[in-house]
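Residue numbers (UniProt numbering), protein chains in the order written: chain A, 1 to 669; chain B, 1 to 669.
The hints are simulated quantities; they were obtained by calculation from the structure and are not laboratory data.
This structure is a prediction, so every number in the text was calculated from the model and none was measured.
Among the clues, some could well be false.
As the list claims (entries may be wrong) - Taking lysine-lysine and the PhoX-like style, the derived pairs with C-alpha atoms no more than 25 Å apart in a straight line are:
| no. | chain 1 | residue 1 | chain 2 | residue 2 |
| --- | --- | --- | --- | --- |
| 1 | B | Lys207 | A | Lys450 |
| 2 | A | Lys426 | B | Lys293 |
| 3 | A | Lys43 | A | Lys127 |
| 4 | A | Lys136 | B | Lys460 |
| 5 | A | Lys558 | B | Lys49 |
| 6 | A | Lys136 | B | Lys136 |
| 7 | A | Lys575 | B | Lys15 |
| 8 | A | Lys293 | A | Lys26 |
| 9 | A | Lys558 | A | Lys518 |
| 10 | A | Lys171 | A | Lys88 |
| 11 | A | Lys193 | B | Lys536 |
| 12 | A | Lys38 | B | Lys15 |
| 13 | B | Lys463 | A | Lys136 |
| 14 | A | Lys575 | A | Lys460 |
| 15 | B | Lys504 | A | Lys96 |
Unchecked claim - Computed beta-carbon distance windows for the label pairs:
| no. | chain 1 | residue 1 | chain 2 | residue 2 | range |
| --- | --- | --- | --- | --- | --- |
| 16 | B | Val52 | A | Thr333 | 20 to 28 Å |
| 17 | B | Ser236 | A | Lys658 | 42 to 50 Å |
| 18 | A | Asp10 | B | Glu264 | 43 to 51 Å |
| 19 | A | Asp10 | B | Asp454 | 37 to 45 Å |
| 20 | B | Ser236 | A | Gln309 | 43 to 51 Å |
Just so it is clear, CB atoms sit at the ideal spot from N, CA and C, and this is done for glycine as well.
2 protein chains.
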Amino acid sequence: MEYHRTCHLDTTRPKSVLHVVGTSLKVNLNRSAPPGSKFFSVKCTANVKCSVSPPPGETSHLSYVPLSENSVLLISMSHASREENEEKLSVRYYDKKKKVLGNAILHLTAVEISLDVDADRDGVVEKNNPNKGSWKWGPNGHGAILLVNCDRDSEKDNIKTTDSEEVNISKASDLKDMSLMVLRTRGPARLPKGYKLTMYISQGNPKCVQVFRAGSPEVVKNSHDFVKDYPLVLSSEVRSQEVPYPGGSAEMNFYVEGLRFPDEDFDGLISINLNLMEQIIEGIPETPIFTDKVVFRVAPWIMTPNTLQPLEVFVCSTSDNRQFLKEMKHLVTKNGYKLRTINEDMNRGDRWIQDELEFGYIDSPHHSFPVVLDSPRDRDLKDFPYKELLGPDFGHVTRVARSRDVSTLDSFGNLEVSPPVTVNGKNYPLGRILVGVAFPETYKRQNMTKVVRDFLWAQKVQKPVALFSDWLYVGHIDEFMTFVPAPDRKGFRLLLASPDAGYKIFRRLQEDGHGRAKMFDGTFEPVTVDQILRDKNLRAQNTDVQSWIDWNRDVLKKELGLDDDDIIDLPILFKRLEENNKYSAVAYYPDMVNMIVLGKNLGIPKPFGPKVNGRCALEAEMCSLLEGLGLNCTFIDDFASYHEKLGEVHCGSNVRRKPFDFKWWNIEL
Amino acid sequence: MEYHRTCHLDTTRPKSVLHVVGTSLKVNLNRSAPPGSKFFSVKCTANVKCSVSPPPGETSHLSYVPLSENSVLLISMSHASREENEEKLSVRYYDKKKKVLGNAILHLTAVEISLDVDADRDGVVEKNNPNKGSWKWGPNGHGAILLVNCDRDSEKDNIKTTDSEEVNISKASDLKDMSLMVLRTRGPARLPKGYKLTMYISQGNPKCVQVFRAGSPEVVKNSHDFVKDYPLVLSSEVRSQEVPYPGGSAEMNFYVEGLRFPDEDFDGLISINLNLMEQIIEGIPETPIFTDKVVFRVAPWIMTPNTLQPLEVFVCSTSDNRQFLKEMKHLVTKNGYKLRTINEDMNRGDRWIQDELEFGYIDSPHHSFPVVLDSPRDRDLKDFPYKELLGPDFGHVTRVARSRDVSTLDSFGNLEVSPPVTVNGKNYPLGRILVGVAFPETYKRQNMTKVVRDFLWAQKVQKPVALFSDWLYVGHIDEFMTFVPAPDRKGFRLLLASPDAGYKIFRRLQEDGHGRAKMFDGTFEPVTVDQILRDKNLRAQNTDVQSWIDWNRDVLKKELGLDDDDIIDLPILFKRLEENNKYSAVAYYPDMVNMIVLGKNLGIPKPFGPKVNGRCALEAEMCSLLEGLGLNCTFIDDFASYHEKLGEVHCGSNVRRKPFDFKWWNIEL
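This is chain A alone, in the form it adopts within the complex:
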């Protein structure tokens, strides 16, 4: 059904109307007909297209058409006017003897209006894309994209806020973090009296977006008075505002700034509308006679799995970890990556850089930058993310929990992401987020805080999987799992800690006559293979641990679509740590699965296992399991400085990685 705007004629005075090209006007001819009218005729200028309904029969001329109860005139114009009232239409009414009874004149002005965005996602704002008003996921999808302006281009001192928290644009570089939106018009230099353009944000949370308008470019160049040059048009305070009509065939640039990531209460979609308003008389609100609408989706925060190329490795320098730092530096720099050491002034003794933050990024067709998700953990490293990372083209986002809500499950050693997977035909080309949670049925320990879980689930493109980590003393999923790249199969392997695999090695050693070989030799109170195998308690504890890891293994296979051949069991034993009558597990020797993955180079906690012919049997097993995949194992001594403090290499490091080549908007959701 076509939509026509009703328009009136009047035989007592000429009328003027503004017409929007692409729409049509409809006149009920009978309504304005003088009494006694039986026929009418229509005349109009060249740019006006008229048709009469019901059709007047044989004649194509619109003269002496019989007037009926439902005679209707449809009017459209194919291009914009250069002057106001440039075109004209008149309807003459006649009595039954074809004597003229009246003449109604309508002056017409046509304008073209479109509010334009990059709906085809090629980085260019095309003109009047038919799909600009909706969002569709996938390679054949459409819809413009908005970044949360969560970096900091402003250089003001002592300001720890992101650009999105400011109501002004303070630097030209800030504009590239925003999405360009163009108001294109064609028509006379001014809109006729009684008409104006207004822009407004549709219902939904208005604190998600701000819109600025570009002033004249000359002023910008000289004065850098961004507040004047880029006035704020729409915000949470001002949901609707008149905007200038550019006039003639000019364009006007707007800059749209995302303020919030998708979350539990915000699906990420934002509509911006442009209305052409007509005011019939003063004192009565205007009515919209034409609306154009564009839709943006706020880009989600995306995590980077171990299979992506590393860019920068972060470690903390403490009073007791010189040897660890040295070995890490060697591993990182020999492979050509950048090492960034956080010194004690900043880390204040908190070495668990894995737990304080998670690196990710945001992406759009026009711009992309890394964004750190700052954990609500907030121990002594808490200032690092916004003091040292937040800056131009480096964004920062956090979620503030009610203090009583934060627990060890909120450390981001408990937040990982899988490589890309396909599960029962469903593609996850950006992988799936993995978090360790407490089951709602149990109230033994707090769950990962709701604000972080809500945030992660709301990003949608890496649909999270909940794992069970509550059986561990520290409680992080990186204590029993990681991913490494592989040249075959799905492009990766899932590595899982496995007490069964550990016992198998110890038993083999015993069978092969190495029962007296010592673990922890030279570091600690040594223990022989025989002693380990004799320890019934330790064996029982590890049977329990194997059950819990198997529960996770079952879930990971199901949720990531893995086969047994996609999984490698690493020989790792756990032991029971008893505190307050609560039973929980820690690694018995350095937890080799808690490694750093840098391309094909793995930095693995040195296990200090029993030696056979001078070589550590656990290291040898690791090498034999992983080197066939083209991976290089480097064993790093973290015993005193990390392992004995209940963490390992992965807990004590963090890696910023290259974003995916795959564009998130091409996901089929």
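Chain A is fixed; fit chain B onto it per the hints.
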């Protein structure tokens, strides 16, 4: 990909495991194999089904199967056990000379568990519907339905709360407002040690639902101690709780109670889960080994259009409306409907019963009842909805606005619903809600309050349309539009007030020599037809009004899929009322479109128009426009008691109607 639960064998001690029929267990045979094992054999009792992977070759016997690195045993059971450890499986390991190295024994207990609801919407809780865990709209859809328990079965004095606000069941009749959910099990009389059942509400707002459990039926019959007999299982306080295992082949009934209608922050979907939990050792949280899930959708609040059969008509008795009441009573009762007069004690002089409330209903396959939406308007009629309407099987819902938010647009004369329509192929079998709003661009007057708009939009099944009513002094859409039933076309006509249609009649009267005929004759200062037509100001005002109504007409045609032939223009003039320099319109003579529609019988405000041959020309015109549709026009004198107070028949009445035959869950959304 099939999902298997990992299970362990141990050659040093027999193990026991609980199996859920319909799932499968997986054993990694190599893990429990004694050192030196080269072959294995499997034996099991009759109800256990075993298979080995990789398949052992030609032999179908599972004896002396070569043990490989990835030998796996898959176990399933086809029906429930009567006793714990009823079934048994053993795996024997052999060395290369087929000498026995060890024997692992697994005792098996099988249970059947299903949490059941009426997912096929036939009023009966079927067993284990495969679609019970999701919702799908439409006649081929599925998913159970929940009512908001918003009526009041309790008879306690001075309690104005609905049943949903109580945490207990206080009367047996309350159970029928809830949805039955059945836990069906089959298996031994008790669950083996270490296993238990827990029920929990998935994430999302937990204040939407409560779950009660039925106690033993004998107790209920005798004592009526509902608090004990129907203990609360889940609520906003208790999101998870252990539930008894019914044992043997018993069933356990649960009653699920909706607490909230869909709203901006609640999509109406509620998941309830049942977990079978396994605790490996004490002190460590249990892990779920089997989960069953059911989904409910909370039934939306549904409005009833004028085309539905009336059941009860409400009017207010005031000191000055005796004549009006008499005429209304005659109209209502002669057509066999029930008239309910609200006396002055209750209405305290507030006669606008249309504005205080809107009648609707909620519906499910098991139960349905009327629900009044109580406006936040809250003038002197505010106590009526919950004091006089709320009761057994009569629900009440309201939305509380921040006081400064309430305006005349919140009166429910501004809230109507269309008959069923089809728009561009999209069906609205329950019609579309219509509300008058202020455009966000204008801040001249407050909009309909956000809490009510959010509520209406969230019901989804009668997708609202926003109309423009802000040009009217009172500002209600019922001042310019209504719907009447029709035997042809779409089954109804839209009636619109039309100043143009009005002037056409007055001009015709003048032409026909009736220029001196008087309006308001005998009631008021009379005005002649000539005087009306001479009044240029009035004419100009009505031209403006016609433009605003035409704007709404265009929107209604588009959003309801109407043609001009679906619309009838009623001859009604408006006049300007100026107050605080604000221009707004009121009816010039009784606003005939503001009628009461009772089947084919219309109660129309008596217009007091100019008389021709003793008959009011406006009444004659109305009859000629409507009687062809089989409608009977009764003109009711509301001049002094309503019209002069800026309302008419519709504003002063309300109608409770029969629900739609069409079931809302059959809508294709």
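| query | If you check the beta carbons of Asp10(A) and Asp454(B), does the distance land in 37 to 45 Å? | reply | 42 Å, holds
| field | Restraint check for Lys193(A) with Lys536(B), where alpha carbons must lie at most 25 Å apart | value | 23 Å, holds
| message | Check the hint pairing Lys463(B) with Lys136(A) against an upper bound of 25 Å on the C-alpha distance. | response | Distance ~22 Å between Lys463(B) and Lys136(A) Cα, so the pair holds.
| message | Can you confirm whether the C-alpha distance between Lys171(A) and Lys88(A) stays at or below 25 Å? | response | Violated: Lys171(A) and Lys88(A) sit about 49 Å apart, past 25 Å.
| request: For the pair we were handed, Lys136(A) and Lys136(B), check the Cα-Cα distance against 25 Å. | output: 21 Å, holds
| query | CB of Ser236(B) to CB of Gln309(A), is that within 43 to 51 Å? | reply | Since Ser236(B) and Gln309(A) have Cβ atoms about 47 Å apart, the given range 43 to 51 Å holds.
| query | Is it true that Val52(B) and Thr333(A) lie within 20 to 28 Å of each other by Cβ? | reply | 51 Å, violated
| query | Is it true that the CA of Lys558(A) sits at most 25 Å from the CA of Lys518(A)? | reply | 39 Å, violated
| Within 25 Å, alpha carbon to alpha carbon, are Lys426(A) and Lys293(B)? | Given pair Lys426(A), Lys293(B) holds - Cα atoms ~22 Å apart, limit 25 Å.
| field | 25 Å Cα cutoff - pair Lys504(B), Lys96(A) | value | Since the Cα atoms of Lys504(B) and Lys96(A) sit roughly 19 Å apart, the hinted pair holds (cutoff 25 Å).
| said: Holds or violated: Lys38(A) and Lys15(B), Cα atoms, limit 25 Å. | reply: Violated - the C-alpha atoms of Lys15(B) and Lys38(A) are around 100 Å apart, more than 25 Å.
| message | Check whether the Cα positions of Lys558(A) and Lys49(B) lie no farther apart than 25 Å. | response | With Cα atoms ~22 Å apart, Lys558(A) and Lys49(B) stay inside 25 Å; holds.
In the structure shown, a violation is registered for the earlier hints numbered 3, 9, 10, 12, 14 and 16, in ascending order.
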